[in-house]
Every structure is written in structure tokens, then in C-alpha cells.
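Novice: Given the structure of chain A, go ahead and fit chain B onto it with the hints provided.
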Amino acid sequence: METILEIKNLAKSYGKLKAVDGISFKIPPGICFGLLGPNGAGKTTTIEMIEGIIKPSSGTIFYKEKLIDKQFRQEAGIQFQSTALMDFVTVREILKLFTSFYEQTIPVEQLAEQCNLIGFLDQYATKLSGGQRQRLLLALALINDPQILFLDEPTTGLDPQARRHFWELIESIKKQGKTIVLTTHYMDEAEALCDHLVIVDQGKIIEQGSPQELLGQHFNTVCIQIDEAEIDNIPVDVATSTQRVNHQIQIETEQLEQTLSKLIEAGVNLSSMRIRNRTLEDLFLKLTGNQLREAS
Amino acid sequence: MKKTLSLFLVRNREFIRDKASLSWNLVFPLLMIIGFVFAFSGDNKPLFKVGYLEPTPTNSETTNSGRGPVHYPLNHPYIQWIPFTELETGINRVKHHQIDLLVELTAQPRYWINSDSRQGVFLEQLLGDAGVDSALKQPVTGRPVRYIDWVLPGILGMNIMFGGLFGVGYVIVRYRKNGVLKRLQATPVNAIQFLAAQIASRLIIVVGIAIIIFVGCDIFLDFLMLGSYIDLLIITILGAMCLISIGLLAASRTDSEELAGGLLNSLSWPMMFLSGVWFSLEGAHPAMKQLADWLPLTHMVHAAREIMINGTPLGELTSEIWILSAMTLFFLCLASILFRWNKN
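One line per chain: the protein sequences are A and B, in this order. Heads up, the numbering used here is the position in the first sequence plus 162, with the first residue counted as 1. Heads up, the numbering used here is the position in the second sequence plus 299, with the first residue counted as 1.
Next comes chain A alone, as it looks inside the complex (with noise of 0.2 Å):
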């Protein structure tokens, strides 16, 4: 099986807005595909008619290489962006009920264990923490032992210990085999996390590949970064390009040792200096524009 799950020519319009427009791509089994873009852009209502949530408008979708039917769901876990689970109901009694809705699925106890949820399996779901709500979602998204994962920006709205715990779990979930399909705003999570990666905006694909291949098409710059105050005559003979970002300079060069020389010769004070690596934020904001937009 070379690919587990494709996506030919998929659009959905609501009258005149085409949320997705011919959207069209392959995941081969066992990567964690990352699906990028800004708010609007399209990436849940792809994801959501994959999973037959939303009825396409067109296009078809293919599982295991076959047109996508009832057993998808028999073998799909799936985390929505936002859920809410019954009221008065226990941790336990919540994974138990989706336990009965699935032919194959896995111990109640063995996932409250993976998902580090042993200690409140007797709590009721509401009164749970974001972290530990989040990995309750995740537990119910496992609970059928699924060959493909579906989670929907998991980690918005925890803090940073939470998203780095639930980071590990994906990477562990990794580990087993599974296919993961990831969407997320937070470009680190996309970066630490995915193998593949699709940028969609406007309903469409604007770029796809692996984060190193995408940040190597896109830069052969690193940025150093220098305090507005500290610098007053740029050395602009050695750099990219410059600007000014929240009270900084930005210099992209692709000659770091030059660059640091000409700014040491022209007096620069580089205590405040940070050099880095072009990220997948930079590529994110360079393909999508910095603009903000508003959701759609």
C-alpha cells in the first residue's frame, strides 16, 4: 500500500466562497502529514470532509486506495478542534462508551496509561484541566486502535509544559506505526512534529514538502537579529535584505562571517545580537503574507 489516504480535486463552496478549491494530495502510511495555513484558509473543512463530517461539494477521496466508506470510521481516530463531552459523566464511563462503538479498540486501562490519565478516570470529564481534557480527546481518537489519527490543532489553548507533554505523546503514538494527520497554527509543533507538510491558503495549495525541503527551496539566508538602538548605519553591501521588526533589525545574509565582521568594523554594539535559523514561521509568513486577515 503506497498510499493510505488521497484526496483528488476536493472543493467545498458555500454559495460564492469556495472554502476549498481543488484541493488534491497523497499521505503514504506511517508519516505524521502536517496541514498548514492561516485562519480560514481551509485546513479543518479539508480535514472535516475527509472525515465526513462536511459533505464535498466535489472531488473524491480514496482510503487504502479505495473510495473512502463505512470501514473509515471503524479505522479512523479522530480529534476535533473543539469538543465537549456529556455532563455528569466519568472519564471511565466516557472512553467505556466509545468502547462499545467500535469493533476493534484497546483497554480502557492500557490508554488512560498511555495518555496519563489514570488518576482521573473517576473524575467527571467536565470538571478535567485543558491539558487533561486534551488527552482525554486524544484517548477517545485512539480508542479504536486506528491506522490513521486525525487531530485538529490539539494543542490550542494549552500552555507550554502541557503542549510539550502532548507533543510527546504524538511522537509516541509515532513510534507505533500510525499515520497522523496534524493540523496546527504553531509552526515549532508543525516543525518538531511533521514529516510532510501542505500550506494551504485561500482554499488552495501554495506549497507542500518536507520542513527541510520547503526551508531550503525558500531560504539560504540566516537572520541576526540586533537591537534598534544599538545599530545606526546598516552595512547593507553584505546583506539579503534588512528590516526593522519590534524595535529590531533583521539582516538576512547568506555570509554570517562577513556579515559579523563588516558589523564589528563598523562599531556595532552585538551584545543584543541573536543569530537563528530561518523557521517554518518565516517560511509560513513569506508564503501567506503578514498581514492579518480575518477568519472566514
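The hints are simulated quantities; they were obtained by calculation from the structure and are not laboratory data. Where is the CB? At the ideal position from N, CA and C, for every residue including glycine. Check before you lean on any hint, since a few could be wrong.
What the hints assert, rightly or not - Straight-line C-alpha distance at most 27 Å; calculated DSS-like pairs for lysine-lysine: (1) B:Lys476 - A:Lys180; (2) A:Lys228 - A:Lys336; (3) A:Lys232 - B:Lys642.
Said to hold, decoys possible - Computed, partial: chain A to chain B, Cβ under 10 Å: (4) Ile215; (5) Ile216; (6) Ser219; (7) Glu265.
Said to hold, decoys possible - A short list of chain B residues far from chain A (calculated; beta carbon distances all over 12 Å): (8) Met300; (9) Leu404; (10) Gln589.
Specialist: Just chain B now, kept in the frame of chain A:
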């Protein structure tokens, strides 16, 4: 089946553990009964109720707001005249003290009174004074039907109506609004399995609460129950199913609790006032009666009252059974066709 059973059990747990909601469901109808018993204990209604039978019911005098024919010697503001077309119905009312006297408006009027009714004995004296021959007296005996006996089937029906409509309607709208339905949609559970669990759970809850209220009222108020408990249970289940299916229909699409509340209120209030819960529709305007016939609660309350007060067997309530069954089927089919998991 396993999926439906699991959803059913979870919904029941959710309801039972919501103590505020549970206690309100139990206490509210009891408070209403107590309130109405007090409210109806002292009023300015006519002191006596006299039923009359006429061979020609088209006589215009028989329709003047129940005040009766003006030529009759017992015409008085404190006497309310109630027309009857069937002798048996009238005698039943005398038997259970629902009317004090039944007379036949003929040249030689026969009359029926209940010897245990103080009002009946008093009216008989008045009849004698008016020259009616006591030899035509037809004695009747039976336990009196108090207002509480008459109103209890209505209160139980009303409680089932609110429990059925709002209990299932609001839950589904809440589930849709907060994404529980969307999460279930992403599992192998289908709409029929989900709806069946909701119906079964709500049915158990409303019928269970009705039984608790029934037993509680019986202990404290000792109301009249002449018919079969099984018959009453069957009518209760049929009526509850019908009302739950209307609740499902009202909640089949919307994710707005305000809209659902408005829809459910617009369904429940007419039923509360036009289905004979608090007062009889005998003598009401024909248009009102016709409207009431379209309301499931009318048929449920009427059938329950017939069983409880008159001891009518289920076999004689076939029209109510058919109407409730047909309405249930219609509303369930429509609800399942219109049902959607998602907000949009």
C-alpha cells in the same frame, strides 16, 4: 444494539446525576397539585351541578352556557346545568359525585341522585317542592370524584409532556451546540442508534417519574383509580412516546437553545390549556374542541382519565390508541428525516 444501549445508559446517568434537574422534575408536579388543590378549594362556582338529558338536544335552551332550560323549576344562579346526550355518561357522573343530580327533561322526569351526596339529597328536596314525583327517583351509588381525582391524570400528562418535549429537545440542541453530536458523528454510531437511545432513555425517565408521582399522590391524596394499572401504563407509554417524538422533531435541526425553547413553548402551552388538563372541554366552543383533537396530550389525558375515573378498559379506547400511535410514527419519521448532527 450495543451502541444504543451504551448511549442509553450514559444519558440516564447524566440525568440522574444532575441533582438540580432531577429534583425539579420530581418536586414541580407535586407543588402544582398542592397549589391547585388549595386554589380550587374555595371559589365562587355554582353550588350545585345538575345534568339533564333531552330527547331533542337541538333545543336552543340547552346551549345557553350551561344555565339550562328557563322553564325548569330548579333554575337558579347557584345551579349549573350541564347537558348530556347519553344516559350512561350522566349516570357515571352522578356515581362519582361529578354532578349532584341528573334529570330527564320530559313530562314525567326521571332523576338520578347519589344517596351519599349531600348536595344530591338537598336538590332532591327542591325537586319534591317543585312537584316532581319521588317515585321516579333512580338511586345511584359510587365513590365521589374530587377535583384532585379529575385533575391528576391531567397533571401526570402535563408532566410527561414537559419531560418529553423539553427533556429530549434541549439535550439534543445542547449536544449539537457544544459538539457532542459532531463527535458522535465521527464514530460508527448512526442517527437511528443515537435517536433510539435518546427516546428510550427519556421514556424510562418520564414514565419512571410519572410512576413516582402517581404512587406519592396515592399515598397522600388517595385518589380514585378504577381501571387497570396495566392499561394506564400502556396509555402513559404511548402518550410519552408521542410527546418525545415531537421533542425530537423540534430539536432535529437547530443549535439555538432560544429557538428550541420558543418552539417547545409554542407546542407545550396550547397543549397545557386546550388538552383538558385543568378543566373539561365539555361545553367549549366547537373550534376549540377541534383544535384540541389535534393535540396528542388531549388524547392521552382523556384516555388516562377514562381509565382512572370511569374504569374504562383499553379495548374501548381504541381511537385514542390509534391516534397516539399514528402521531408517534409520523413525528418519529419526520424527526429522523430532518435530523442532522452538525450546526450547519
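Novice: Give a verdict on every hint.
Specialist: Here's how the hints hold up against the structure:
1. B:Lys476 - A:Lys180: 25 Å, holds
2. A:Lys228 - A:Lys336: 24 Å, holds
3. A:Lys232 - B:Lys642: Between Lys232 (chain A) and Lys642 (chain B) the Cα gap is close to 22 Å, so the pair holds against 27 Å.
4. Ile215: 6 Å, holds
5. Ile216: Where the cut-off is 10 Å and the nearest Cβ of chain B is about 8 Å from Ile216 (chain A), the hint holds.
6. Ser219: 14 Å, violated
7. Glu265: 8 Å, holds
8. Met300: 10 Å, violated
9. Leu404: 63 Å, holds
10. Gln589: 42 Å, holds
Consistency note: the structure conflicts with the earlier hints numbered 6 and 8.
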